[in-house]
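A.B. asks: Residue numbers for the sequence shown follow numbering that gives the first Met the number 0, so the first one is 0 and each next one is one higher.
No lab work stands behind these hints, which were simulated from the structure alone.
This one's a predicted model, so the numbers in the text were calculated from it and none came from an experiment.
It is possible that some hints are incorrect.
[Stated by the list, open to error] Heads up, simulated DSBU-like pairs for lysine-lysine below, C-alpha to C-alpha not over 30 angstroms straight-line:
(1) Lys268 x Lys180
(2) Lys341 x Lys310
(3) Lys220 x Lys292
(4) Lys253 x Lys220
(5) Lys253 x Lys268
(6) Lys180 x Lys253
(7) Lys310 x Lys253
(8) Lys273 x Lys211
(9) Lys253 x Lys50
(10) Lys273 x Lys292
(11) Lys50 x Lys341
(12) Lys50 x Lys268
(13) Lys50 x Lys211
(14) Lys310 x Lys292
(15) Lys292 x Lys341
(16) Lys304 x Lys273
(17) Lys50 x Lys335
(18) Lys211 x Lys310
(19) Lys50 x Lys304
(20) Lys220 x Lys50
(21) Lys304 x Lys335
(22) Lys211 x Lys180
(23) Lys220 x Lys341
(24) Lys220 x Lys180
(25) Lys335 x Lys268
(26) Lys211 x Lys292
(27) Lys220 x Lys335
(28) Lys304 x Lys211
(29) Lys292 x Lys304
(30) Lys253 x Lys273
(31) Lys273 x Lys50
(32) Lys253 x Lys292
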Amino acid sequence: MATTLPDIHPDIIRQHLLSKLDGRSLSSAATASSDLHALCSDNTLWADISKSTWPSITHPRVNRLISTFPARHRSFFQDSFPDLFTDVTRHRSYSSTSKQPVGATSCHHLANSPHLTSSDPFISAVDIRYQNEIVFSKVLFTDVTIDFLSSALRVEVNDDPTRNQSGSEQSPGISRPIDLKVDELAGPDEPTLSHLRESVTLSWILIDPTRKRACNLSSVKSVGVRQDWMSNETVLRYVTVLPGVDPNEMVECKIEVVLGVSSAGLHVKHVVLKLMNLNRTCLNGREFLVVIKGAVLEENNVRRKVMDDEKRWRGYMELKELKREKKERERMEEEKRELALKMNYIIILCCFAVGFFF
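Given only the sequences and the hints, what does the whole structure look like? Please build it.
C.D. replies: Structural data, given as structure tokens:
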């Protein structure tokens, strides 16, 4: 007689089968049958997967907050694991015709709203891995103050919590050297820089305590790396493309991981998040909160999507093309203005000449 799934004790399935799965596999297993769906909804499974993926969320305060999410750690994982994806090509066509996308939410009134302040700080859970091993894991609590709302956005997580920005509280967390020897004076060479770009992954999960939602603002893999020879620091850049306060305009959420070098090897000195428009102007804290609200709630054609490295890279290249097109449009507009100005001068000169001679 064949053994069916209901014949097996649920604890055996949970302990010996489901506990071995990663988040994506567990989600797939939940769709196989109603019995598995019930077993796969166990919060302990999702808590273990989430904490092993992002050790930063083991912070007691963060863990308590996640426990208030609609489906607790399962909700958190489903919010945070996929990438935030915005179809840049669709927004390119909309911006060129100056029409708002279908379903887009106009956010100008929100950006000027006095109700964006909150008694709860927003939370940044930052985890950095080198070849899948955790080397940096911190939590930052940032107060939403009047100064934060009006100043250019810069959220910084340091290896040393004593160097924090005012209005921020950071957990001690984890900070380990990267197991990669480099010359202390010369820094990494080109092959090492390429290796770091491929091997260092970043998650910056922003948690909204008011809405009980979260999202990953990082591109996971670096889109660029450079060596700052003046400071002897290595800078890895991660970029996610999002709709701006005006849904027709795109912004880039840029995160830089700065690595220092010592006798122990490379180590993470600090991680900085900024939000910039296509003119490379930094947005302020108020605009940041509006953009993040849209991203968390998947407004203005933002979607959560599990993507491979190629798709992430393609999205970044589309952003670069969008920047180039915007710069070209601005150049052409400037040329038109200059031509119109010259024509006005010519007309005035002609009128003056006619009046003088006749």
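A.B. asks: If a hint holds in the structure, say so; if it does not, say that too.
C.D. replies: Results of checking the hints against the structure:
For the given pair, Lys268 sits about 16 angstroms from Lys180 by alpha-carbon distance, which is consistent with the 30 angstroms threshold. Annotation: proposed proximity of Lys341 to Lys310 is violated, straight-line Cα distance about 47 angstroms (limit 30 angstroms). With a CA separation close to 24 angstroms, the supplied pair Lys220 and Lys292 stays within the 30 angstroms bound. The straight-line distance between the Cα atoms of Lys253 and Lys220 is roughly 12 angstroms, inside the 30 angstroms bound, and the hint therefore holds.
Distance restraint check for Lys253 and Lys268: the Cα-Cα separation of roughly 17 angstroms lies within the 30 angstroms cut-off, and the hinted pair is therefore satisfied. For the hint pairing Lys180 with Lys253, the CA-to-CA distance comes to about 28 angstroms; that is within 30 angstroms, so the pair holds. With a C-alpha separation of about 18 angstroms, the suggested pair Lys310 and Lys253 falls inside the 30 angstroms cut-off, and the hint holds. Taken as a hint, the Lys273 and Lys211 pair is honoured in the structure, with Cα atoms around 23 angstroms apart against an allowance of 30 angstroms.
A distance of roughly 25 angstroms separates the Cα atoms of Lys253 and Lys50; the hinted pair therefore holds under the 30 angstroms criterion. Under the criterion of a C-alpha separation no larger than 30 angstroms, the hint pairing Lys273 with Lys292 is consistent with the structure, at around 16 angstroms. In summary, the hint linking Lys50 to Lys341 is not supported, as the alpha carbons are separated by about 65 angstroms, beyond the 30 angstroms threshold. With a CA separation close to 23 angstroms, the supplied pair Lys50 and Lys268 stays within the 30 angstroms bound.
For the hint pairing Lys50 with Lys211, the CA-to-CA distance comes to about 18 angstroms; that is within 30 angstroms, so the pair holds. Note on Lys310 and Lys292: the hinted pairing holds, with a Cα-Cα distance of about 24 angstroms set against a maximum of 30 angstroms. For the hint linking Lys292 to Lys341, the alpha-carbon distance of about 46 angstroms lies beyond 30 angstroms, and the restraint is violated. For the suggested pair Lys304 and Lys273, the alpha carbons sit about 22 angstroms apart, so the restraint of at most 30 angstroms is met.
Simply put, Lys50 and Lys335 have alpha-carbon atoms about 57 angstroms apart, too far for the 30 angstroms limit, and the pair is violated. For a cut-off of 30 angstroms, the pair hint linking Lys211 to Lys310 stands: about 28 angstroms separates their Cα positions. Note on Lys50 and Lys304: the hinted pairing holds, with a Cα-Cα distance of about 21 angstroms set against a maximum of 30 angstroms. Taking the CA atoms of Lys220 and Lys50, the gap is near 20 angstroms; set against the 30 angstroms cutoff, the hint holds.
Among the hinted pairs, Lys304 with Lys335 is inconsistent with the structure: their alpha-carbon atoms are about 41 angstroms apart, more than 30 angstroms. Of the supplied pair hints, the one linking Lys211 and Lys180 is violated, its CA atoms being roughly 42 angstroms apart against a limit of 30 angstroms. Of the pairs offered as hints, the one joining Lys220 and Lys341 is violated, with about 49 angstroms between alpha carbons and a cut-off of 30 angstroms exceeded. Proposed proximity of Lys220 and Lys180 is supported: the alpha carbons are some 21 angstroms apart, at most 30 angstroms.
For the proposed pair Lys335 and Lys268, the alpha carbon gap of about 47 angstroms is over 30 angstroms, so the pair is violated. Restraint check for Lys211 and Lys292: satisfied, since their Cα atoms lie roughly 12 angstroms apart, inside the 30 angstroms limit. Annotation: proposed proximity of Lys220 to Lys335 is violated, straight-line Cα distance about 41 angstroms (limit 30 angstroms). Distance check on the hinted pair: Lys304 and Lys211 sit about 20 angstroms apart at the alpha-carbon level, within 30 angstroms; holds.
The hinted pair formed by Lys292 and Lys304 meets the criterion: a straight-line CA distance of about 17 angstroms does not exceed 30 angstroms. Of the supplied pair hints, the one linking Lys253 and Lys273 holds, its CA atoms being roughly 5 angstroms apart against a limit of 30 angstroms. For the hint pairing Lys273 with Lys50, the CA-to-CA distance comes to about 26 angstroms; that is within 30 angstroms, so the pair holds. About 17 angstroms separates the Cα atoms of Lys253 and Lys292, which keeps this hinted pair within 30 angstroms; it holds.
Violated hints, in rising order: 2, 11, 15, 17, 21, 22, 23, 25 and 27; the structure is consistent with all others.
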